[in-house]
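Construct the complete structure from the given sequences, taking the supplied hints into account.
There are 2 protein chains.
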Amino acid sequence: MKIKMDDDVLKNQNKAADFNRIIFKRNQTLVINLMSSPGAGKTTLLEQTVKALAHEYQIAVIEGDLATERDAERLRALGIKTVQINTVGGCHLDARMIAKTLPDFQLEEIDILFIENIGNLVCPSGYDLGQDYKAVILSVPEGNDKIPKYPVMFHRTHLTIINKTDLLPYVHFDLEEARKDLQCINPHADFLALSAQTGDGMEEWLNWIKEVYANAARSQD
Amino acid sequence: MKIKMDDDVLKNQNKAADFNRIIFKRNQTLVINLMSSPGAGKTTLLEQTVKALAHEYQIAVIEGDLATERDAERLRALGIKTVQINTVGGCHLDARMIAKTLPDFQLEEIDILFIENIGNLVCPSGYDLGQDYKAVILSVPEGNDKIPKYPVMFHRTHLTIINKTDLLPYVHFDLEEARKDLQCINPHADFLALSAQTGDGMEEWLNWIKEVYANAARSQD
Numbered sequence: 001m002k003i004k005m006d007d008d009v010l011k012n013q014n015k016a017a018d019f020n021r022i023i024f025k026r027n028q029t030l031v032i033n034l035m036s037s038p039g040a041g042k043t044t045l046l047e048q049t050v051k052a053l054a055h056e057y058q059i060a061v062i063e064g065d066l067a068t069e070r071d072a073e074r075l076r077a078l079g080i081k082t083v084q085i086n087t088v089g090g091c092h093l094d095a096r097m098i099a100k101t102l103p104d105f106q107l108e109e110i111d112i113l114f115i116e117n118i119g120n121l122v123c124p125s126g127y128d129l130g131q132d133y134k135a136v137i138l139s140v141p142e143g144n145d146k147i148p149k150y151p152v153m154f155h156r157t158h159l160t161i162i163n164k165t166d167l168l169p170y171v172h173f174d175l176e177e178a179r180k181d182l183q184c185i186n187p188h189a190d191f192l193a194l195s196a197q198t199g200d201g202m203e204e205w206l207n208w209i210k211e212v213y214a215n216a217a218r219s220q221d
Numbered sequence: 222m223k224i225k226m227d228d229d230v231l232k233n234q235n236k237a238a239d240f241n242r243i244i245f246k247r248n249q250t251l252v253i254n255l256m257s258s259p260g261a262g263k264t265t266l267l268e269q270t271v272k273a274l275a276h277e278y279q280i281a282v283i284e285g286d287l288a289t290e291r292d293a294e295r296l297r298a299l300g301i302k303t304v305q306i307n308t309v310g311g312c313h314l315d316a317r318m319i320a321k322t323l324p325d326f327q328l329e330e331i332d333i334l335f336i337e338n339i340g341n342l343v344c345p346s347g348y349d350l351g352q353d354y355k356a357v358i359l360s361v362p363e364g365n366d367k368i369p370k371y372p373v374m375f376h377r378t379h380l381t382i383i384n385k386t387d388l389l390p391y392v393h394f395d396l397e398e399a400r401k402d403l404q405c406i407n408p409h410a411d412f413l414a415l416s417a418q419t420g421d422g423m424e425e426w427l428n429w430i431k432e433v434y435a436n437a438a439r440s441q442d
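Just so you know, the protein sequences line up as chains S and C, in that order. By the count of the numbering used here, the first sequence reaches residue 221 at its end, each step adding exactly one. By the count of the numbering used here, the second sequence reaches residue 442 at its end, each step adding exactly one.
Everything labelled a hint here was simulated from the structure, so no lab data went into it. This one's a predicted model, so the numbers in the text were calculated from it and none came from an experiment. It is possible that some hints are incorrect.
Said to hold, decoys possible - Calculated pairs, SDA-like style, for lysine to any residue (alpha carbon to alpha carbon, straight line, at most 25 Å):
{"id": "1", "chain 1": "C", "residue 1": "Lys401", "chain 2": "S", "residue 2": "Glu69"}
{"id": "2", "chain 1": "C", "residue 1": "Lys225", "chain 2": "C", "residue 2": "Gln441"}
{"id": "3", "chain 1": "S", "residue 1": "Lys2", "chain 2": "S", "residue 2": "Asn12"}
{"id": "4", "chain 1": "C", "residue 1": "Lys401", "chain 2": "S", "residue 2": "Thr68"}
{"id": "5", "chain 1": "S", "residue 1": "Lys81", "chain 2": "C", "residue 2": "Asp366"}
Below, the structure is given as structure tokens:
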């Protein structure tokens, strides 16, 4: 499908978010906006997710980084269509940046589009990209106090993923406290813990994706 | 010394930075602006630094967080004068916020003031707080690719500290590559690696502080 957008969409963040949402819905593409601090493991989680799901779903990725194409290259190496956005110092992705990449995709053929946001636990939370779901990764070495200390991010996301559980023996991180803190800030949020590195807990994340995909498909019927 | 500031200082970021700088110089207070991603270990490093240096220097801290007084309480427990700034969602500290805290300190009695910035590897790098030195902490679990991927932060800081070296056996982090990447982006920057948790490498950081303190004192003579 050819994507046309007028100047307004490219000038106005809210219009662009609505525009993206309409395009995604029309193409029945499920869109997940993945956020975290730098180095929490977004790209590794995406690599493992793609390896596990690519036989079942057509997956594509938008990679957000201040600089370099490193993360995009990691996904492309798995045969996944990936568009890199370099913000050249910008601290978050916005809907206009996403809108500009859409003509590069054959969205009608894509089941799931992951957007890997800039590594930043603050700014990306404020920007609607037109996604269906927002997920935030918090990695074990960051410490479980990050949930109350960065409440805006955790308040606004559908799913919190605790990553790098393989490091639990070596650092202080209280999973139960994290779960309770999230419950206080965002009682409706889903919560799961995994290690993208070892694969431990990945099944729960993959099932979460399958479930939200099935729900989105049903809502289209 | 009583600190008076006019409205201009509180309205204009650049004027506030210059104002802070003058106040710090006049009081011979060395100011270090400490930045990093969330959970890289800024507060733990400060706790260990205070324990090692408090018998030799009068130390004070400004703690920046989106929410909570948790970090300030950790420093106060060590008997250190600490002022907490809560940005209520804001992604960085600016010079006006720092200026507003100055009347809370007896700066003429303080040798070293640490400013712990918001956990964010992007936005704080753009804001001059009037500090003498900027230091950035990158923790081992974040991965050494963060230096080329967040170049603005590493380009603008005097010192890069690699923290959590105790986790080197459990995650991929190439110290030599980090050193080379930093050298490319910022040839004049200092570089050191330590574990604030185990104390390994702390001596080099403490010596760095002593050296910049002595240099600042000499330049006042």
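Hints versus structure:
no.: 1; hint: C:Lys401 <-> S:Glu69; in the structure: holds, 19 Å
no.: 2; hint: C:Lys225 <-> C:Gln441; in the structure: holds, 23 Å
no.: 3; hint: S:Lys2 <-> S:Asn12; in the structure: holds, 21 Å
no.: 4; hint: C:Lys401 <-> S:Thr68; in the structure: holds, 16 Å
no.: 5; hint: S:Lys81 <-> C:Asp366; in the structure: holds, 22 Å
Of the numbered hints listed earlier, not one is contradicted by the structure.
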